[in-house]
Amino acid sequence: MATMREIKRRRGSIQSTQQITKAMKLVSTVKLQKARGRAENSKAYFEYMYKTVTSMLAKAGDVDHPYLRGGDSENIGIVVITSNRGLAGGYNANIVRMIMASELPKEKVRLYTIGRKGADGLARKGYIIAADYSDVIDEPTFADAKEIGKQLLTDFAKGEIGEIYVAYTEFKNTVSHVPKLMKLLPVKTEDLQTEQEEQEELALMNFEPNEEEAISLLIPKYMTSILYGAFVEAVASENGARMQAMDSATNNAEEIINDLELKYNRARQGAITQELTEIIAGAEAIG
Amino acid sequence: MAEMFELKIIEPDGMFFEGQASFLEFTSVMGEMGVYANHIPLTTILAPGVMKIHNDGQVKKAAIMGGFIEIQKDRITVMAENAEWPDEIDVERAKAAKKRAEERLQKKDAGLDTARAEAALKRAMARISAAK
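In order, the protein sequences belong to chains A and B.
First residue of the first sequence? That's 2 in the numbering used here, and the numbers climb one at a time after it.
First residue of the second sequence? That's 34 in the numbering used here, and the numbers climb one at a time after it.
Errors might be hidden in some of the hints.
[To be verified] List of simulated lysine to aspartate or glutamate pairs, DMTMM-like, C-alpha gap at most 25 Å:
hint, chain 1, residue 1, chain 2, residue 2
1, B, Lys-131, B, Asp-120
2, A, Lys-44, B, Glu-39
3, B, Lys-94, A, Asp-136
4, A, Lys-23, A, Glu-140
5, A, Lys-222, B, Glu-58
6, A, Lys-32, B, Asp-123
7, A, Lys-222, B, Asp-89
8, B, Lys-106, B, Glu-39
9, A, Lys-159, A, Glu-140
10, A, Lys-147, A, Glu-209
11, B, Lys-106, A, Glu-140
12, A, Lys-52, B, Asp-107
13, A, Lys-147, B, Glu-36
14, A, Lys-52, B, Glu-151
15, A, Lys-173, A, Glu-161
16, B, Lys-155, B, Glu-114
17, A, Lys-184, B, Asp-46
18, A, Lys-151, B, Glu-121
19, A, Lys-35, B, Asp-46
20, A, Lys-147, B, Asp-123
21, B, Lys-106, B, Asp-146
22, A, Lys-147, B, Asp-146
23, B, Lys-41, A, Glu-41
24, A, Lys-181, A, Glu-209
Worth flagging that the hints you see were computed from the coordinates, not collected in a lab.
The model shown is predicted, which means the values in this text are computed figures rather than measured ones.
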């Protein structure tokens, strides 16, 4: 049985760990509230953007444009959004696992990583990283999304990548975050034409300048907004995941502390009993 | 009273404006445009410029920094990349930005990103004229 001093020391160390996890939980709770507000505010923009662009492309189905057809390259660009810091439960590992489980061939994948954890994890697995923008995720702005979107489209135009995906964690609610792999380019028009209710409006829509030019101008905006949307959701998910991880860490620490407290009391009681027995035995021997 | 339509201006950080309007003026990549209710359905790309929202003789101005606009018969949706009311605009800063952009365009350095400088100039001018 461990001595009283050992138990006491162990309990002290776990208590200070618990204080850290508790503080981290509080910090991520506050950050989560902020990030969630941002994600909710911007949702209207993205939903509308998605609706407009997809319905527009559905109508422009016969336009031959590289954004609809796909690039000449076989390489696949994936924007991977993870966090720069760990201690967020399975948040980063889930994204890495999702990419590995996807059927995209490793040799052809070019990663555009945002978040050091995902970048490190995937680089270790042998994925090729084309560019890294890890600093962005600390405080993503619309301008950052624009910059990265521009880079992606430049590489797409140069023929370095032929398809563009984005991997991020969707923020469903505080406790549920789902890793998601989403295809940005080329936009598959077959999938879009199923939205029947839009058909009526579609038939009447005019474009200025003409459709092809409008697509060239709209797609970069569409990319930017989808990326920005993914950023804000990812930040919300990251803080949600960290909050949960730290909450369970705090609870686990509590459990261990209780357990050690019990052991300590038992050891103390044992020591007292032993001392008493010794005194009594001593007294008897004298008397 | 002129016929009204529903106007929504959405920017990435949330809803910028939502309400009724009778006439809307804005700058598209094709030039200046004005739209009343019952316009033919049209989608067009916005250039940085001033948007004027008319509502029964009252006019509200806003600086819009690019995006696109979708016009339907009875509603108009503006997807702005950034939108600002005149009282949110720092005129001094916009003037400084305008000067900087003009200087850069005049110098014509080899490494000059003309499109970027021009866009900066247009944004600055949109802000200044909206704040007037």
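Verification of the supplied hints:
A hinted pair counts as satisfied when its Cα atoms are at most 25 Å apart, and Lys-131(B) with Asp-120(B) qualifies at roughly 19 Å. Simply put, Lys-44(A) and Glu-39(B) have alpha-carbon atoms about 20 Å apart, close enough for the 25 Å limit, and the pair holds. Using a Cα cut-off of 25 Å, the hinted pair Lys-94(B) and Asp-136(A) is violated, with the two alpha carbons roughly 36 Å apart. At most 25 Å may separate the alpha-carbon atoms for a hinted pair to count; Lys-23(A) and Glu-140(A) meet this at roughly 24 Å.
Distance restraint check for Lys-222(A) and Glu-58(B): the Cα-Cα separation of roughly 22 Å lies within the 25 Å cut-off, and the hinted pair is therefore satisfied. Pair hint Lys-32(A) plus Asp-123(B) does not hold up; C-alpha atoms about 29 Å apart against a cutoff of 25 Å. A C-alpha spacing of about 33 Å is found between Lys-222(A) and Asp-89(B), which places the hinted pair above 25 Å, so the restraint is violated. Of the pairs offered as hints, the one joining Lys-106(B) and Glu-39(B) holds, with about 10 Å between alpha carbons and a cut-off of 25 Å not exceeded.
Taken as a hint, the Lys-159(A) and Glu-140(A) pair is broken in the structure, with Cα atoms around 30 Å apart against an allowance of 25 Å. Annotation: proposed proximity of Lys-147(A) to Glu-209(A) holds, straight-line Cα distance about 23 Å (limit 25 Å). The straight-line distance between the Cα atoms of Lys-106(B) and Glu-140(A) is roughly 40 Å, outside the 25 Å bound, and the hint therefore fails. Proposed proximity of Lys-52(A) and Asp-107(B) is supported: the alpha carbons are some 18 Å apart, at most 25 Å.
Distance check on the hinted pair: Lys-147(A) and Glu-36(B) sit about 38 Å apart at the alpha-carbon level, beyond 25 Å; violated. For a cut-off of 25 Å, the pair hint linking Lys-52(A) to Glu-151(B) is broken: about 30 Å separates their Cα positions. With a C-alpha separation of about 34 Å, the suggested pairing of Lys-173(A) with Glu-161(A) is violated against the 25 Å cut-off. Under the criterion of a C-alpha separation no larger than 25 Å, the hint pairing Lys-155(B) with Glu-114(B) is consistent with the structure, at around 14 Å.
Under the criterion of a C-alpha separation no larger than 25 Å, the hint pairing Lys-184(A) with Asp-46(B) is consistent with the structure, at around 24 Å. A threshold of 25 Å between alpha carbons decides the hint, and for Lys-151(A) with Glu-121(B) the separation of about 28 Å lies outside it, so the pair is violated. Annotation: proposed proximity of Lys-35(A) to Asp-46(B) holds, straight-line Cα distance about 13 Å (limit 25 Å). In summary, the hint linking Lys-147(A) to Asp-123(B) is supported, as the alpha carbons are separated by about 23 Å, within the 25 Å threshold.
For the suggested pair Lys-106(B) and Asp-146(B), the alpha carbons sit about 40 Å apart, so the restraint of at most 25 Å is broken. Note on Lys-147(A) and Asp-146(B): the hinted pairing holds, with a Cα-Cα distance of about 16 Å set against a maximum of 25 Å. Taking the CA atoms of Lys-41(B) and Glu-41(A), the gap is about 17 Å. The hint holds against a cut of 25 Å. About 34 Å separates the Cα atoms of Lys-181(A) and Glu-209(A), which puts this hinted pair outside 25 Å; it is violated.
When the structure is compared with the earlier hints, violations turn up for hints 3, 6, 7, 9, 11, 13, 14, 15, 18, 21 and 24 and for no others.
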